[in-house]
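Residues per chain, in single letters:
2 protein chains.
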Amino acid sequence: MHPRPGEPAPPGLRVLADDPSAADQDAYKVASTQAAKGVAVVTTRQGRWDHAVTVTDLLSVSYDPPTMLVSLYELSRIADVVVETGRFALSLLSDAQAPIADRLGWSGAPLVGLLDQVPFFRREPDAPAVLAGSLAWFELRVAEVHPVATHRLVVGRVVAMGSDASPGARPLVRWRSEYRR
Amino acid sequence: MHPRPGEPAPPGLRVLADDPSAADQDAYKVASTQAAKGVAVVTTRQGRWDHAVTVTDLLSVSYDPPTMLVSLYELSRIADVVVETGRFALSLLSDAQAPIADRLGWSGAPLVGLLDQVPFFRREPDAPAVLAGSLAWFELRVAEVHPVATHRLVVGRVVAMGSDASPGARPLVRWRSEYRR
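Chains Z and P supply the protein sequences, listed in that same order. Each residue of the first sequence is one higher than the one before, counting from 324 in the numbering used here. Each residue of the second sequence is one higher than the one before, counting from 324 in the numbering used here.
Bound-form chain Z, shown alone (with noise of 0.2 Å):
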């Protein structure tokens, strides 16, 4: 049984304060971004204005029924946007969408001309933007909410998907801080 007396301690070991100090999440944000993501693009749309950022913090909940998570900063106007309107999409990148998940990597760039340069496709005249050539798309209604820290934690059903990859598409990955093929 683990430690044993004379064991090494675990490697590279470092104990949080309860209230952890800066030099700790900095250590934590280090830390974190080993964690292979792949990339994908939260749209949302409100009026006649598209929201889209870049995220890679999502996953899949559940099969029954399909059931997403993305979390976004608390702070973000996306993330107000996608809580207002209740309806979201996650287009899914391939690795020919890095330039595309550079551009729509900040979540305060202007709205104006936000997808100008982005192909993309939309379900019904009020429903998110998806991404063309993604290797898949998701629309999602949100049926949670859970604040937790400094992010919302935004649940949704999918309620209509599909496929835009090209034959041979791999999927864009984020490791340390830097797209992957």
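Just so you know, these hints were derived from the structure itself, not from any lab. Predicted model only: the values in this text are computed from it and were never measured. Where hints are given, some of them may not hold.
If you want a taste of the chain P side facing chain Z, the calculated C-beta under 7 Å gives, among others [claimed, not checked]: (1) L339; (2) L382; (3) D387; (4) P389; (5) Y396; (6) L415; (7) V453; (8) L458; (9) A483; (10) G485; (11) P490; (12) A492; (13) Y502.
So the derived label-pair ranges between C-beta atoms look like this [unchecked claim]: (14) P470/Z - E397/P: 20 to 28 Å; (15) E397/P - G431/Z: 31 to 39 Å; (16) D403/Z - P490/P: 42 to 50 Å; (17) D449/Z - D449/P: 48 to 56 Å; (18) Q440/Z - E447/P: 28 to 36 Å; (19) R493/Z - K352/P: 18 to 26 Å.
C-beta atoms are modelled at their ideal positions from N, C-alpha and C, and glycine is treated no differently.
Take the given structure of chain Z and dock chain P to it, following the hints.
Just chain P, lined up with the frame of chain Z:
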């Protein structure tokens, strides 16, 4: 503005019923495998028993305070033990750890000898095991549990962390139901 008259519908469109059919669920299962995901092992300890299972559904929620989330099948034994003990660890696997991902990939694996072939560390006698050679590992205290559909979203505060990655180690990634490097 899309859709314009005569524009194509979103590619591969499937609209799900309010009460999704088995075919809807199967289509979602396939589509959701298009999300590339890093691979981790969740561990927890109760009495003298170590529980461990390979997961891909985890994310970093916040730096302030350091907070992570893992989605566990509601009927799994490990979900019960994580909630009962309030403690768990996440070890982010490198591509060299693919055999461990396979070995621990089944939540019903027998507990006796579960970690016999898996090198690990433990911070203190009751702490969850952390896997040697992981890109990064995090020990957490359960902060919140949200049941959603067939799963429980377990939110944890990071209490300790570390890294045991070899130089040049790269993440193990799962995509389209297969492990990739």
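Taking the hints in turn, this is what the structure says about them:
Hint on L339/P holds. Least Cβ distance to chain Z is approximately 6 Å, under the 7 Å limit. The closest approach between the C-beta of L382/P and any C-beta of chain Z is roughly 4 Å, which is under the 7 Å cut-off, so the hint is satisfied. The beta carbon of D387/P is positioned within 7 Å of a beta carbon in chain Z (closest approach about 6 Å), and the interface hint is therefore held. At about 4 Å, the closest approach between the beta carbon of P389/P and any beta carbon in chain Z falls short of 7 Å, and the interface hint on this residue holds.
Look at Y396/P: its Cβ only gets to about 9 Å from chain Z, farther than 7 Å, so that hint breaks. For L415/P, the shortest C-beta to C-beta distance to chain Z is roughly 5 Å, which falls under 7 Å, so the interface hint holds. Because the beta carbon of V453/P sits about 5 Å from the nearest beta carbon in chain Z, less than 7 Å, this interface hint is met. Look at L458/P: its Cβ gets to within about 4 Å of chain Z, closer than 7 Å, so that hint holds up.
Evaluation of the A483/P hint against chain Z yields a held restraint, the C-beta minimum of about 5 Å falling below 7 Å. Against a cut-off of 7 Å between C-beta atoms, the interface hint on G485/P holds, since the closest Cβ of chain Z lies about 4 Å away. About 13 Å separates the beta-carbon of P490/P from the nearest beta-carbon of chain Z, more than 7 Å, and the hint is not met. Annotation: A492/P was flagged as interfacial toward chain Z, and the flag is violated, the nearest CB pair being 9 Å apart, outside 7 Å.
With 7 Å as the threshold, the beta carbon of Y502/P stays out of range of chain Z, its nearest partner Cβ sitting at about 12 Å, so the hint is violated. In this structure, P470/Z and E397/P meet the distance hint of 20 to 28 Å, their C-beta atoms being roughly 22 Å apart. Remark: the range hint 31 to 39 Å for E397/P to G431/Z is upheld by a beta-carbon distance near 38 Å. Separation of D403/Z from P490/P is about 43 Å and conforms to the stated range, judged on CB atoms against 42 to 50 Å.
In this structure the supplied range 48 to 56 Å holds for D449/Z paired with D449/P, their Cβ-Cβ distance being about 53 Å. Hint check: Q440/Z to E447/P, Cβ distance near 54 Å, so the stated range 28 to 36 Å is violated. Judged by the Cβ atoms, the range 18 to 26 Å given for R493/Z and K352/P holds: they are separated by roughly 20 Å.
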